[in-house]
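Given these sequences and hints, build the entire structure.
2 protein chains.
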Amino acid sequence: MNLYDLTVPQLLKMLHNADAWLVAATKHAEAKKFDVNHLMKARLAPDQFALDRQIQAMCDNAKFIAGRLTGKEWPAHPDTEAAFDQLRTRIAAVVSYLETFKPDDFAGAGDRKIVLPWMQDKWMTGDEYVAEFALPNFYFHAVTAYAILRHNGVELGKRDFLGNVPMHS
Amino acid sequence: MNLYDLTVPQLLKMLHNADAWLVAATKHAEAKKFDVNHLMKARLAPDQFALDRQIQAMCDNAKFIAGRLTGKEWPAHPDTEAAFDQLRTRIAAVVSYLETFKPDDFAGAGDRKIVLPWMQDKWMTGDEYVAEFALPNFYFHAVTAYAILRHNGVELGKRDFLGNVPMHS
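So the sequence lines, in the order shown, correspond to chains U and D. Each residue of the first sequence is one higher than the one before, starting from 2 at the first, in our numbering. Each residue of the second sequence is one higher than the one before, starting from 2 at the first, in our numbering.
Quick caveat, the hints were computed from the structure, so don't treat them as lab data. For clarity, every value in this text was computed on a predicted model and none was experimentally measured. You may find that some hints are simply not true.
Treat identical chains as interchangeable: a pair holds within one or across any two.
Said to hold, decoys possible - Restricting the straight-line Cα-Cα distance to at most 25 Å, the calculated cross-link-like pairs of lysine to aspartate or glutamate (DMTMM-like) are:
1. K114 / E82
2. K42 / D61
3. K114 / D6
4. K42 / E156
5. K159 / D122
6. K103 / E129
7. K34 / D48
8. K33 / D48
9. K42 / D20
10. K103 / D122
11. K103 / D6
12. K42 / D161
13. K42 / E100
14. K123 / D112
15. K28 / D112
16. K159 / D61
17. K123 / D61
18. K123 / D161
19. K14 / E129
20. K159 / D105
21. K34 / D20
22. K14 / E82
23. K159 / D80
24. K42 / E82
25. K159 / E129
26. K28 / D48
27. K42 / D105
Rendered as structure tokens:
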């Protein structure tokens, strides 16, 4: 399986899904007459990232995956978002970045040496990075963001998490 | 990337990680002097699966992924677990099942037509199934189980979620 096919289209879909979760939360807040930005610092445990940081980490993981597997630069985002609309802008920026990639960019990506910031002089292959670090970590933050919203009463279901899945006939 | 490499070893690792989360919860309950099985029905939202069902779904997704991609039968598990030690036995059963697979079993898996129970006469390819349904769904239940435990004070961190990652030198 080509690492482009395994990553970029699915990351794009999940980012669009996450944007829709934020829209659903905004509608929920309007209906309940509270400021949706009260959810920015909602968290499931006091020593866990809040919603804002979960969305930021989800965005970062998506851009890191594409950038690291292809050896391309990624845009910097300083984690200054203080409101839902700014989180949505952050998501849109990463969507735009991911949309610049083509399958050919991922030639040889599976064998590329990936060095994460905390690995010092160690490395893993691109294949290992995708299977054992990148996707688990991306979904960790995506699911936690979704769970924080569900825990706070936002009406979301599994279909909102997954988005549309392929159906051929 | 071979679909075996992308799935079986990582699913096995995540199942072992989940078993360790249950052990950590048991130790936490002993220290706090409560029955760990009080956590079986803990959930993050009233209309979301509780911990027991999250672990069962994580186990089911793992066996479905290997079984569907290879066309092999999977063992039936009737979701009757009523205590933590039974959830651990369920995890161990799926670990044993996954350990029977070899990379050769996955020859042609990416092009295999996968029909999920709710798809009627539609289908997706094995590659699409892994990228857009199987892994997102597996991690959905894994992260939610982890989040329920974190929300209830069990001392876990990202490293417990990911487990060991490859480090070559």
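Hints and how they fare:
In this homomeric assembly, K114 and E82 never come within 25 Å of each other (Cα to Cα): the closest approach is 32 Å inside a single copy and 43 Å across copies. Taking the shortest alpha-carbon separations for K42 and D61, only the intra-copy value of 18 Å comes in at or below 25 Å, while the best inter-copy value is 33 Å. Proximity of K114 and D6 under a CA criterion of 25 Å is satisfied in both settings, with 20 Å inside one chain copy and 17 Å between copies. Taking identical chains as interchangeable, the C-alpha atoms of K42 and E156 lie at most 25 Å apart whether they share a chain (19 Å) or sit on different chains (21 Å).
In this assembly of identical chains, the alpha carbons of K159 and D122 lie at most 25 Å apart only when taken from different copies (22 Å versus 40 Å within one copy). For the homomeric pair K103 and E129, the shortest alpha-carbon distances inside one copy (21 Å) and between copies (18 Å) are both at most 25 Å. Taking the closest pair of Cα atoms, K34 and D48 come within 25 Å of each other only across two copies (22 Å); inside a single copy the shortest separation is 28 Å, beyond that limit. For a Cα distance limit of 25 Å, the shortest separation of K33 from D48 across copies, 19 Å, qualifies, whereas the shortest one inside one copy, 28 Å, does not.
Only within a single protomer do K42 and D20 lie at most 25 Å apart by alpha-carbon distance; the minimum there is 17 Å, versus 30 Å between protomers. Neither within a single protomer nor between protomers do K103 and D122 lie at most 25 Å apart by alpha-carbon distance, with minima of 30 Å and 32 Å respectively. Both within a single protomer and between protomers do K103 and D6 lie at most 25 Å apart by alpha-carbon distance, with minima of 10 Å and 24 Å respectively. With identical chains, the CA atoms of K42 and D161 are at most 25 Å apart both within one copy (22 Å) and between copies (24 Å).
Proximity of K42 to E100 under the C-alpha cut-off of 25 Å is found in neither arrangement, the shortest distances being 30 Å within a copy and 42 Å between copies. In this assembly of identical chains, the alpha carbons of K123 and D112 lie at most 25 Å apart only when taken from the same copy (15 Å versus 35 Å across copies). With identical chains, the CA atoms of K28 and D112 are never at most 25 Å apart, being 45 Å at best within one copy and 41 Å at best between copies. Both within a single protomer and between protomers do K159 and D61 lie at most 25 Å apart by alpha-carbon distance, with minima of 23 Å and 16 Å respectively.
Taking identical chains as interchangeable, the C-alpha atoms of K123 and D61 lie at most 25 Å apart only when both belong to the same chain, with a minimum of 22 Å there against 35 Å between chains. For the homomeric pair K123 and D161, the shortest alpha-carbon distance between copies (20 Å) is at most 25 Å, but the shortest distance inside one copy (38 Å) is not. Proximity of K14 to E129 under the C-alpha cut-off of 25 Å is found in both arrangements, the shortest distances being 22 Å within a copy and 13 Å between copies. For the identical chains of this complex, K159 and D105 are neighbours neither inside a copy (33 Å) nor across copies (33 Å), given an alpha-carbon limit of 25 Å.
For the identical chains of this complex, K34 and D20 are intra-copy neighbours only, at 21 Å inside a copy versus 42 Å across copies, given an alpha-carbon limit of 25 Å. For a Cα distance limit of 25 Å, the shortest separation of K14 from E82 inside one copy, 22 Å, qualifies, whereas the shortest one across copies, 35 Å, does not. Taking the shortest alpha-carbon separations for K159 and D80, only the inter-copy value of 20 Å comes in at or below 25 Å, while the best intra-copy value is 28 Å. For the homomeric pair K42 and E82, the shortest alpha-carbon distance inside one copy (11 Å) is at most 25 Å, but the shortest distance between copies (36 Å) is not.
With identical chains, the CA atoms of K159 and E129 are at most 25 Å apart between copies only, with a shortest distance of 18 Å across copies and 28 Å within one. For the homomeric pair K28 and D48, the shortest alpha-carbon distance between copies (19 Å) is at most 25 Å, but the shortest distance inside one copy (28 Å) is not. Taking identical chains as interchangeable, the C-alpha atoms of K42 and D105 are never at most 25 Å apart, the minima being 40 Å within one chain and 48 Å between chains.
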